[in-house]
Amino acid sequence: MVTINNARKILQRVDTLPLYLHAYAFHLNMRLERVLPADLLDIASENNLRGVKIHVL
1 MVTINNARKI
11 LQRVDTLPLY
21 LHAYAFHLNM
31 RLERVLPADL
41 LDIASENNLR
51 GVKIHVL
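Terminal number for the sequence shown in the working numbering: 57, no gaps in between.
Source of the hints: derived by calculation from the structure; they are not laboratory data. Please note: incorrect hints may appear among the correct ones.
[Said to hold, decoys possible] Here are the in silico distance ranges between beta carbons for each label pair:
#1 Glu-33 / Thr-3: 40 to 48 Å
#2 Arg-13 / His-55: 22 to 30 Å
#3 Leu-11 / Glu-46: 25 to 33 Å
#4 Arg-8 / Leu-41: 30 to 38 Å
#5 Leu-32 / Lys-9: 40 to 48 Å
#6 Glu-33 / Asn-5: 42 to 50 Å
#7 Asn-29 / Val-2: 29 to 37 Å
#8 Lys-53 / Thr-16: 16 to 24 Å
#9 Leu-28 / Asn-48: 21 to 29 Å
#10 Leu-36 / Ala-7: 33 to 41 Å
#11 Gln-12 / Glu-46: 25 to 33 Å
#12 Leu-11 / Asn-48: 15 to 23 Å
#13 Asn-6 / Asn-48: 21 to 29 Å
#14 Leu-36 / Thr-3: 38 to 46 Å
Ideal Cβ positions, reconstructed from N, Cα and C, are used throughout, including at glycine.
Given the sequences, and given the hints that come with them, work out the whole structure.
As structure tokens, this is what we get:
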């Protein structure tokens with residue numbers, strides 16, 4: 001449950017939260033080799049994201 005205090009904390013921190021590109025959104029394209037890990041790094045950089053999260057099996 002979000003309390004008023006928790007909501008205040010979120011609002012205070014929202015501008016400093018690190019954002020990452022997540023490979024799940026690109027899973028099918030990665031399986032078909034249309035998007036490669038280096039492409040994800042480029043996308044993250046172009047969008048000023050902190051980094052990329054990729055799960056390797």
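Status of each hint after checking the structure:
1. Glu-33 / Thr-3: 40 to 48 Å: For Glu-33 and Thr-3 the Cβ distance comes to about 46 Å; the hint holds.
2. Arg-13 / His-55: 22 to 30 Å: Because 26 Å falls inside the window, the suggested range holds.
3. Leu-11 / Glu-46: 25 to 33 Å: For Leu-11 and Glu-46 the Cβ distance comes to about 27 Å; the hint holds.
4. Arg-8 / Leu-41: 30 to 38 Å: With a Cβ separation near 35 Å, Arg-8 and Leu-41 satisfy 30 to 38 Å, so the hint holds.
5. Leu-32 / Lys-9: 40 to 48 Å: Given a distance of about 41 Å, which is inside 40 to 48 Å, the answer is holds.
6. Glu-33 / Asn-5: 42 to 50 Å: holds (47 Å)
7. Asn-29 / Val-2: 29 to 37 Å: The hint (29 to 37 Å, Cβ to Cβ) holds, given that Asn-29 and Val-2 are roughly 34 Å apart.
8. Lys-53 / Thr-16: 16 to 24 Å: For Lys-53 and Thr-16 the Cβ distance comes to about 19 Å; the hint holds.
9. Leu-28 / Asn-48: 21 to 29 Å: Holds: the Cβ-Cβ distance is about 25 Å, inside 21 to 29 Å.
10. Leu-36 / Ala-7: 33 to 41 Å: holds (40 Å)
11. Gln-12 / Glu-46: 25 to 33 Å: Holds, since Gln-12 and Glu-46 (Cβ atoms, about 28 Å apart) stay within the stated range.
12. Leu-11 / Asn-48: 15 to 23 Å: holds (21 Å)
13. Asn-6 / Asn-48: 21 to 29 Å: holds (27 Å)
14. Leu-36 / Thr-3: 38 to 46 Å: holds (43 Å)
Of the numbered hints given earlier, the model fails none.
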